[in-house]
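Chemist: Order-wise, the sequence lines are chains A and B. UniProt numbering applies: residue 1 is where the first sequence begins, and numbers increase by one. UniProt numbering applies: residue 1 is where the second sequence begins, and numbers increase by one.
If you're looking for bench data, these hints aren't it; they were derived computationally from the structure. Fair warning: this is a prediction, and the values are worked out from it, not measured in the lab. Think of the CB as a built atom: it goes at the ideal place given N, C-alpha and C, for glycine as much as any other residue. One should not assume that every hint holds.
[What the hints assert, rightly or not] For lysine to aspartate or glutamate, the following EDC-like pairs were computed, each having C-alpha atoms within a straight-line distance of at most 16 Å:
| hint | chain 1 | residue 1 | chain 2 | residue 2 |
| --- | --- | --- | --- | --- |
| 1 | B | LYS332 | A | GLU512 |
| 2 | B | LYS482 | A | GLU512 |
| 3 | A | LYS324 | B | ASP199 |
[Stated by the list, open to error] Label-pair ranges, simulated between beta-carbon atoms:
| hint | chain 1 | residue 1 | chain 2 | residue 2 | range |
| --- | --- | --- | --- | --- | --- |
| 4 | B | ALA296 | A | LEU191 | 38 to 44 Å |
| 5 | A | PHE53 | B | GLY73 | 56 to 62 Å |
| 6 | B | ILE264 | A | HIS613 | 58 to 64 Å |
| 7 | A | GLU556 | B | TRP83 | 23 to 29 Å |
| 8 | A | PHE41 | B | LEU295 | 47 to 53 Å |
| 9 | A | LYS526 | B | ASN364 | 34 to 40 Å |
| 10 | A | GLU556 | B | GLU486 | 30 to 36 Å |
[As the list claims (entries may be wrong)] Here are some chain B residues the structure puts well away from chain A; computed CB gaps all over 10 Å:
| hint | residue |
| --- | --- |
| 11 | GLN64 |
| 12 | ARG67 |
| 13 | ASN68 |
| 14 | TRP253 |
| 15 | ILE374 |
| 16 | GLN414 |
| 17 | SER589 |
2 protein chains.
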Amino acid sequence: MGHGTNRIEDMSSPNNETAANARETVVEIHSVCLPPKKTTFQKLKKRFGDVFFPDDPLERFRNQTWRNKVILGLQSLFPIFTWGSQYDLKLFRSDVISGLTIASLAIPQGISYAKLANLPPIVDSSFVPPLIYSVLGSSKHLAVGPVSIASLVMGSMLSESVSPTQDSILYLKLAFTSTFFAGLFQASLGLLRLGFVIDFLSKATLVGFTAGAAVIVSLQQLKGLLGIVHFTGKMQFVPVMSSVINTRSEWSWETIVMGLGFLIILLTTRHIIGHLPKGLNPPSVNMLYFSAAHLALAIKTGIITGILSLTEGIAVGRTFASLKNYQVNGNKEMMAIGFMNMAGSCTSCYVTTGSFSRSAVNVNAGARTAVSNIVMASAVLVTLLFLMPLFYYTPNLILAAIILTAVIGLIDYQAAYKLWKVDKFDFFTCMCSFFGVLFVSVPLGLAIAVGVSIIKILLHVTRPNTLEFGNIPGTQIYQSLKRYREASRVPGFLILAVESPLYFANCTYLQERILRWTREEENRIKENNDRNLKCIILDMTAVSSIDTSGIEAVFELRRRLEKQSLQLVLVNPVGSVMEKLHKSKIIESLGLSGLYLTVGEAVSDLSSTWKAHGQP
Amino acid sequence: MGHGTNRIEDMSSPNNETAANARETVVEIHSVCLPPKKTTFQKLKKRFGDVFFPDDPLERFRNQTWRNKVILGLQSLFPIFTWGSQYDLKLFRSDVISGLTIASLAIPQGISYAKLANLPPIVDSSFVPPLIYSVLGSSKHLAVGPVSIASLVMGSMLSESVSPTQDSILYLKLAFTSTFFAGLFQASLGLLRLGFVIDFLSKATLVGFTAGAAVIVSLQQLKGLLGIVHFTGKMQFVPVMSSVINTRSEWSWETIVMGLGFLIILLTTRHIIGHLPKGLNPPSVNMLYFSAAHLALAIKTGIITGILSLTEGIAVGRTFASLKNYQVNGNKEMMAIGFMNMAGSCTSCYVTTGSFSRSAVNVNAGARTAVSNIVMASAVLVTLLFLMPLFYYTPNLILAAIILTAVIGLIDYQAAYKLWKVDKFDFFTCMCSFFGVLFVSVPLGLAIAVGVSIIKILLHVTRPNTLEFGNIPGTQIYQSLKRYREASRVPGFLILAVESPLYFANCTYLQERILRWTREEENRIKENNDRNLKCIILDMTAVSSIDTSGIEAVFELRRRLEKQSLQLVLVNPVGSVMEKLHKSKIIESLGLSGLYLTVGEAVSDLSSTWKAHGQP
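Using the sequences and the hints, build the whole thing.
Modeler: In C-alpha cells:
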C-alpha cells in the first residue's frame, strides 16, 4: 500500500519528511479514518434494524429477569396492561365524561358517514372497533370511529361497479369484505414492520386528495339537491357534470329551493341533525364475500381505504401523543387498527380508524385513557337498543345537504396556499392528486400523486446540486460563493461540493457537470489573468452514499482531470463512502495528497507542498 | 422580525450586547446567509436548465455574430461540418485503413448477429446506418453496426409470439417495425433531452441482464447442437430445459458429436467463419407493419432494444472520447443513433448502434474521424454486390456453435465478482436482473432490476443515516464518534448529523430517530453521572433539500424537545433549505441562538452564553 493508505490508517506516521515539515508550519493535518470494521452480516443486521426496527422495540427487554420479560411482553402486546394496574376512580370519572361526550357525537356522525359510503344507517361502527382498540391501541386519547375520507372513498370506489340501491345486498357484502381486507392490510403492515409505506403519502398529497374526493362527493349530492332520478354511477368530474346537465328535464324546482334553503341553514349553523335506527350490530361473518367476481374490487378498495384510514389514524394519534408528551408506537397502532377493522368486518362495521374530530372532542372533554372508548361504545349500545329512530324518513335532499356541509369542510384552502408559498413542487403534487381524483379516478389519482412525489425524490438524486465554495477570510470556513458574498476563491483551487449520494443514476451527470465547472473556471481565469488552476477539491461531506457506478465515475473523473494536469482531491468522505472507496483501491491510487478531512487542511497542505517544490 | 433574522441578514449588527461580548472572547461567530433572492420563474429556469440542459448547449452561441450563429447551428446539427473543413489526405489515409479493417469484421459479425435475432443473413445492417451516423454523430471513433445484446433481445422477444421459421415474413416485418420504434424512441429521448433515462440502467443491472440473456440464447442453441426438431418457442429457463429433456428421443447423436467438436474448435480458436449471401439492402418501408395485431409487441421490443442499444452506444462513445480526450454530446448521440435506426428500418436493417468490439478495432486501426464509417459502408457494399455466398448452406449446428461462442463471452464473471466485493446491494441488483431474465422474461427481468435500483434509492432516502458527532480535541473539527476514536463528546451537547434530504418520506422517521438519540444520550448521562444534556445540535450540511413535511418535522421536533427543556440548534443549512426555513418562519421562531454556520461556533457561543448566565 502506498502513502495514502498510511495516512488513512495512522495519522501520526511521518510518511514524507519534506511535505510533513512544510505542512506543520501552516496547519495540523488530520487523517481520514475508515469506520470500524464490520462483517457483511453485521452491516446487514444494522441496516435491517434501522429499516424495520427504528424504535428498537427489544431495548426494554435487555437485562431483565424472565418474569419481567413476560410482563413486558404482555404489556407490549396489550397496552391496557401498562396503564390498567394504575387505573383509579379519578381517571374513570374523567373517562366517563369524555366517553359520553364523544358518544353524543358518534351517533349522528356515524349515520352521515355511512351515507357517504352509500351504506344503510344500520351500519354503525362505533361499538365493536372502539372496544378492540381500547385493549390493543397504544394511544390514550384516540377516539375510534368511521371517518369521512375513508367513507367517501369506499362509497365512490364500490358504487362505480355495484349500485348501492339496486344491488344493496351485494354492495353491503362488498363493503364488509373491503373492510376485512383493509384490516388485513393494516395489520400486515404492522406485523411486517412496513409502517414506512404510509410515509409515502405526504401531507401535500393528502390535502389535494381529500379536496378532490370532497368535490366529487359534493357533486354526487347534486342528485339529491336537484331531485334527479336517473343519475350516473360514475365518480369522475366529467360524467357527473354531464349527467347533471343532461337530466335538466328531471330537475325538480321544489326540491332545489328546499335543498338550498336547508343547505344555507346548515352552512350557517353547522349543526348536524341525527336520525337513529334501532338495533344492535348483527354478526356479518356470513356477509364476507370471497368469490372471484368482485374480489379484485374488494381488495383494491380495502387497500386504498385501509392506507387512507391508517394514515389519518396514525397522524391523529401522533398529534395528541405529542400534545400530551408521550409516544405512540406506529407499528403497534397499525396492528391495533388492523385487528379492530377485521373484527369490525364480522360485526356489521365498515372501515374505522382514529377520527380527528372525535379525538379532539375527547381530549377537550378530559379523556385520560382508552377507557373513554369503552364508555363511548357502551353509550352507543344503549342508544342503539332503546332509542327510536328519530328521522327515519329523512328526505334525500336533507341528507344531501348534511353531507355537503360535512365534506366542504374537508377542502383545506389554507394548507394548499401554504404549500404554494413555501414549496412549489409540493403544491404541484397537491394539484396532481386533486385533479387526478377529480378527472381520472380515486385510486389512480392517489397513485399519480405518490408517483409524482417519488419522481421528485428521483429527480433530486438524478440531477443533484453542485456548489462552488470559497473561503471566508480569516477563517477555516469554506462556503458557497453564490450565497456568501464575503467568501472568496482560493487561487489555484476549484472547490466543489456535491449535494447528493453518488449513484448510477447521477454519476455520469456529476462527472460531466464537474468537468463543465472546470472548463468554466479555466475560461474565467483566462479572462482575468488569474493564477492557473492546479487542483480540484471535491467536498464529499454531503455525499451520503456511493455505489460501484459512482466509484467508477470518481476514477474516471480523476483520470480525465489528470490528462489536463489537474489534481483531484477528496475531502471528508462519510464512513460508508470511505469504506467503499477503500475497498475499490481508489484511495491508494489517489496517493498521499488526495484525501483530507477538511477543505481548509487540503488547501493549506497542498499550497505549502507547492511552495516547498518551488511552484508559485 | 426577531433577533434571529437580524443575524441572518447582517452579521455585523450587535443585537445582544451581553451575548455578543461573551461570544467575542471565545470565537468569532458568522451568520448564516440566505441565498440571493430569486423569483420562482428564475428558480424554475435554473432547475429546468440543470435537468434538461446540463451541458449548456447555447453557451457557444453567446456573443456571436448572426453569421457565426448560423454556422455554429449547422455544426451542432451536423457535426460533420465541424471537422469536414479541416479534413485532409492524411486523415483520409488513416480512415481508409481503419474503415477497411472494420469492414472485414462487419460482414461475418453482421451475419451471426442476424442469426441471433432469428433474421435471415440478407439483413445486413452495416451499410445505411453507418452512413447516417457519420453525418449526424458527434463521436469520431464510434463504429456502427448491429450488437449482440440488442440482437438477442430482439430475437427472444419477437420469437416468443411469432415463429421466425413458420411466419418468416411477419417476423421480418415485426423486426423492421421494432427497429423503427427503437429509432423513434431513441431520437425522442434525444430531442426531449431525456437522456437521463438511460442512466437508470446501472452497470450492475447490465452485467446481470447480459449474462442472463446470454444463458437464455445459449440454451436455445441446444436445439441446433442436439439436432432437435420440435423445440419450444419460449425463452425462459424452465420451458427451454424441459423442452430439451422432453425431446430426448429426437436427440441426434451424430449432430451432438459434430456440434461439440466444432464448439471446442471455436472456443479454443475463437475464429468466426462468415458466410456471405449476395445482394444489396432492398428498401423495406413497405415492410413496416402498424396494424393492431402485433403493434404492442413491436413497440415493446422497440423500446427495450432501443434503450439497450442506446446505453451501449453511448457508453462506447464516451469511453473512446475520454480515451482520446474529447467530448461526445449524449443528447446529440441519441438523435444520431435514433435517426440512423429509423432510416435503417426502411432499408432492411435491424437495430444498430455503436459496437464496442468494432469501435475498439476501429481505434486500434488508427481511425481519426467518422469517415472510417463511410469507408466501411462502401467496402460492405462492394462485398455484398460482388462476393458470392461462401457458406450459404452452413448446417444449423455450426451456426449454433458460432453463436454459443459469441454469447458465452458476454458473461462477465469478473465484473459480478467485483460488484460482490465492493457493494453487496449492487451485486443483488445484478442477480435480480440475471435471474429475472432467466426465469421470468426479458422485459420483466430488466424492469425488476431497474425497480430494485430505484427502491435502493428510495430506501436510502426513507431510512437515512444519523450520526453522533464529537470534537477532535484541539480543533474546530467535529466528526463521527464511531469512526474517529480521538473525537469526544462535548458535555451538555448532543451533536447529530443527518445524512439525507428531509422529505415527507423520512421526516417522521428522522423525528423519532432523533428523539431516540436524545433518550439514549440521557440514559448514558444518568449512568455516568455526566453533565446534564441541554442542547441538541443538528448539523444540516448533508441535508441537501427539504419539503413542507420536513419543515413541519423540524418545527415539531423543536416543540417536543422544548417540552423536555432541551434547545434545538440548526447548523449550516444549505441554500435552498435555508430559504424554505426562512419562508416558513421557523428561523424567527428559533431565535438568536438557534442557527449557526459551524458546529464549533454553535458550541462556543452557547457555552459562553450559559457561563455568562451563571449556568454550569
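Chemist: In ascending order, which of the hints set out earlier in this document are inconsistent with the structure?
Modeler: 2, 3
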